[in-house]
Each structure stands twice: as C-alpha cells, then as structure tokens.
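Number of protein chains: 2
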Amino acid sequence: MAKLIDGKQIAADIRVELRDQIKEWMEQGGNRAPHLTAILIGEDPASNTYVSNKMKAAADVGITSKTERYGADITEEQLLKRIEELNDDDSVDGILVQLPVPGHINERKVCNSVSCDKDVDGFNERNIGRLCLDMNTLIPCTPLGVQELIKRTEIETFGKNAVVVGRSKNVGMPIAMLLHADGRNDTCAMDATVTMCHRFTPPEELARFCRTADIIVTATGVPGLIKADMIKEGAAIIDVGITRVTDPVTGKNKLVGDVDFEEVRKVAGHITPVPGGVGPMTVAMLMKNTFIAAKNLARKKAEKEK
Amino acid sequence: MAKLIDGKQIAADIRVELRDQIKEWMEQGGNRAPHLTAILIGEDPASNTYVSNKMKAAADVGITSKTERYGADITEEQLLKRIEELNDDDSVDGILVQLPVPGHINERKVCNSVSCDKDVDGFNERNIGRLCLDMNTLIPCTPLGVQELIKRTEIETFGKNAVVVGRSKNVGMPIAMLLHADGRNDTCAMDATVTMCHRFTPPEELARFCRTADIIVTATGVPGLIKADMIKEGAAIIDVGITRVTDPVTGKNKLVGDVDFEEVRKVAGHITPVPGGVGPMTVAMLMKNTFIAAKNLARKKAEKEK
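Chains as they are written, first to last, in this note's numbering: chain F, 960 to 1265; chain X, 960 to 1265.
One thing to keep in mind: the hints can contain errors.
As the list makes no split between identical chains, a pair holds if one copy fits it or if it spans any two.
Stated by the list, open to error - Taking lysine-lysine pairs in the DSS-like style, the calculated list, with each CA pair at most 30 angstroms apart, reads:
#	residue 1	residue 2
1	LYS1040	LYS1186
2	LYS1040	LYS1259
3	LYS1068	LYS1259
4	LYS982	LYS1225
5	LYS1068	LYS1254
6	LYS967	LYS1263
In short, the hints are calculated from the structure, not lab data.
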C-alpha cells in the first residue's frame, strides 16, 4: 500500500518554517513584514474562496496582505494602471492578480504588467523564460509545490523516468521543466528523463509511458484517467488534477483528482490524495514566493541606498 | 533504406522563397532591404567562419548586413552600450551577437540586452518565455530549422512519439517545446508526445525510449550515440550534433553527428546527413527571422506614424 504524501501536513510544516524565518528576518534585519496585495475582479465564488484562503495563509505566517476588489466592469487600462502603481509602491512585495480575469481584459498583458520582482505567481513571460533557462526567478506556485513535495518526500528523481500528463503553461509545462533540467542550476531541478503526455497522446501510449515511470505527475482535470494497471509497482504519483464531481451513491459533490486513488494506492509507492495533496502546497509556495520577493526587494533597496 | 533529408537543398529552397518575398515586400511595400548587424568579438576562427557564412546568406536573399568586429578586450559596458545604440537605430532590423563572448562578459546579460524585436537569435529570456508559452516570437534558429525540416519533409508528428536527446537551452529544450506543444497556437507546434533525454538518462533507458520513437532529434555532440539497434523501422532521425573527429583510416578531419549514419539509415524512414542536414537550415532560419523582424518593425513604425 502506497505511503500517503500528506500535502496538508507538509504545507503546514513549511508555514511554520516560514513563520520562524520571517520573524527572524524582521527582528534581526530590522525589516517590516512582507506584504502581499491581491487583486480580485468580479464576483466569482471560487476566486473569492481562493483569495480568502491565500490571505488567511499570509496572516498565519506573518505576511501582511490586502485584497483589492474591483467590479467586473473595470477596464484593462484601469487595471494596468493600478498594477503599475503597485509595482512602484515600496510597501508592496508581492502582487497577485487572481485569474481568470473578465473576457474583455487581456490576461497575458496583465500577467506581463506585474513587475518581475513582485510576480509571486511567476506568470510574467520573462519569469517563465528565466525558469525555462534554469535561472533564479519566482517559479509558479503549483509546479514549485510539486517539486517541494517530491524533495521533502525524498523521492529519487536523478536519472529516473518521469511522466507529466497535461501540457498546460501554468502547471504541466513548468513541472516538466523542473523535472528534467539540470540540478546544478538555480532552479535545483531534478535531472529525470521526462515524457510530456497530453490530450493527443493515444491512450495506449499514455499507459505504456506510465507503466515505466518512477514518477507520474498528472494535471489534466480528467477524473480516473490514471488507473492501477498503468502504474509500475512502487512509483510515486502526484495528482494535481482537481475536479468537482457528484458522487453517484451519496448524491453529494466531492473533489477528485486524475488518479483512480483507491486502486492506484495498492500499487504505487507514494501517492498524493485529492484534496489535501498538491492543493495546500500551492498556497504555501505563494507565501514562500512572497517572502523571497520581500527579501530580494529589501536587498535591492539597501544596495541602492549604499 | 532511409530517405535522405537534404537540408542543404531545403535551405536553398527557403532562400529562394525568401529572396522573392523580400523583393516583393520592398517593391510593393516601398520598404528598404532588411538589415542584419552582427557583432563579432575576438579572433576565434570558427566564429569568424560562422559569421561570414551568415553574411553571405544574407546577401544571397537580399538582406543587407554589416559585421562589427571588436577586440577580445572590449568591456561588457562598451558592448552593452553598442547594442543599446543598435536597438535604437531604425536602420537595423536584426542584431546578432556571435557566441561565445569572452569570459569577462556576462553572456546572459548580452542576450537580454538585445531588443526583443531585433533578437533574431531568439536568445533574449523574454523571447524564450514567449516561445515556451506558444506565443508569437522570434524562435532560436536551430530549433526553428528542425521544425521546418520536419514540416517540409511532411513527417507526421501529431500524437506521435518523439525523443529529444540533449537538454541544452539553445537547442534541445526549445525543440522539445516545439515538438510537444499545441499546434493551434502561434508557434505552430507539433503535438507529439515528447521524451526529453539527457546525460543522466541511463543508456538502456535512452535505447528503450528511442526504440518506440517515431521521431528522434539528437543534439548532444556525442558521436555514435544513436545506433541502429535503437531505431524503430521507419522512424525519422534528425541529427543536430556536429563534432570534428579524425578519421582513423584516412587521418583526415571530418564532421560527424550523434548518429551512426551508415547503419541507422538502413533502418530509419528519414534521416538527416551531417554535414548538410540541420546546419544549413540554421542559417536559412536566421534569414527568415531577420525578415520577420524587419516586417514587424516596419509595421510598428507605420502604426506609430499614423
């Protein structure tokens, strides 16, 4: 039976560590608390919940935060102008624009408008470029959380076979980058041989690649895609998928991942549950990124004042 | 016996097409010839040859060019200042800094200093980010040449298995990006399932992945790495490797790729020779990028003047 990778517990551990580090950084370095500003547009309940959870986590680790709420009728120009102001505001370390933005606003333009230094989501195209070049940068939170889960669980990756299922730009692609690249570079990547599978990978080929994988990271939003007969005994299974389904027995809604959890856990060596696996890590990594941004900005400011 | 992918001929065809397109763009659009400026630092004979070949190709397609030569003692500051001037110079469309630069100059800084619009090598980190996000951008010439070879040879990639051997940031990584990503996006990527192999992929695993690959792109600089018993019958083999070796029989120097050409061609469906495969494509793609840059800059200028 697979060992459960308890993302909730690992994320809680990271938050305790961060709280201590931030406290020390403030007390010994004479720094103010790191500050995160979130921009929330419109009334989407899911977005509301996400932002609220992030702000709670911030408070928990000693990061001050503010949520700026705008109506869905905010213009792109107004939004970009506000981001520009936050970029220039020395009291703000991290800027988070909760996606999706309304259809009349260009999401890519918005992501690129956040200063690279304050881009705690890691979505600025320049930061993506730096990640793909293995350079020191703010890395998107979910891929970073997956990396952290793998490292803290001490799953071996060097020279191992990994399969990434799903090629999204926020999750699958950056995870493939962190899994395959050179561990000696800034991103502390994992030196695995990585196969990138996606919607156009034939099912029998997906199964074949998975069967020889030591690590599978799946991020598709297709419940039950990864089945027990696709798993090599002892493999590590990281499930980034999260889909709301109605339980046919109880009639209640529940969240499920891409993995047939009950069957796969009988074969795998490690497995993340959904919920409680990757999800909490994403929020913890946002806190980590905000602290990194605050430290970088404080150092830059000190250098400038010299 | 594999069909030879004649990169020299395909590159020549592309140059003819480009010459016609550039002529038409100048005559009908009232545009001046596209202009490429190359910066060559120091006395490295190989760099000298590369730049000289590029400039010959430019003249051939109707691109004007200039090579600026600097001693190996040029400072980083001087170089960056000169690039800045070229960025601002309306008579320059493409800027190429021949790599490597001397050790006292930060190569990454230099690549990033070239304006994204004139970055015909596609090495600016922002352009790399855009490539990895499947966005319209200037794509590094060798990966673009590999893509063009595959497309012009009508090798099927959609849902096929591809293996990329070598994870360099200038070649292997961007090729993996173009092979696996979504063909409906700006980069016209190829929708293959892609396995990224590298120096830490165990030899027996490399062989196993290659044996089920419909397409292998190798870019390692390890002669003879890819052998006939690693090839699926009918696979397409693109050899980006290029290494100078001494022939044990004749005692003469010659260029070889990563592939055991004579044996592999008996099994493969398509194969590129070395030299005369990917090499000429790289230069042709530099010309293509310069023309794209010129068109973009002319359009931007026209919009500004409106």
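Each hint tested on the structure:
In this assembly of identical chains, LYS1040 and LYS1186 lie within 30 angstroms of each other by CA distance neither inside one copy nor across copies; the values are 48 angstroms within and 58 angstroms between. Taking the closest pair of Cα atoms, LYS1040 and LYS1259 come within 30 angstroms of each other both inside a single copy (24 angstroms) and across two copies (23 angstroms). Taking the shortest alpha-carbon separations for LYS1068 and LYS1259, both the intra-copy value of 26 angstroms and the inter-copy value of 18 angstroms come in at or below 30 angstroms. Proximity of LYS982 to LYS1225 under the C-alpha cut-off of 30 angstroms is found in neither arrangement, the shortest distances being 42 angstroms within a copy and 66 angstroms between copies.
With identical chains, the CA atoms of LYS1068 and LYS1254 are at most 30 angstroms apart both within one copy (26 angstroms) and between copies (23 angstroms). In this homomeric assembly, LYS967 and LYS1263 never come within 30 angstroms of each other (Cα to Cα): the closest approach is 40 angstroms inside a single copy and 53 angstroms across copies.
When held up to the earlier numbered hints, the structure conflicts with 1, 4, 6 and fits the remainder.
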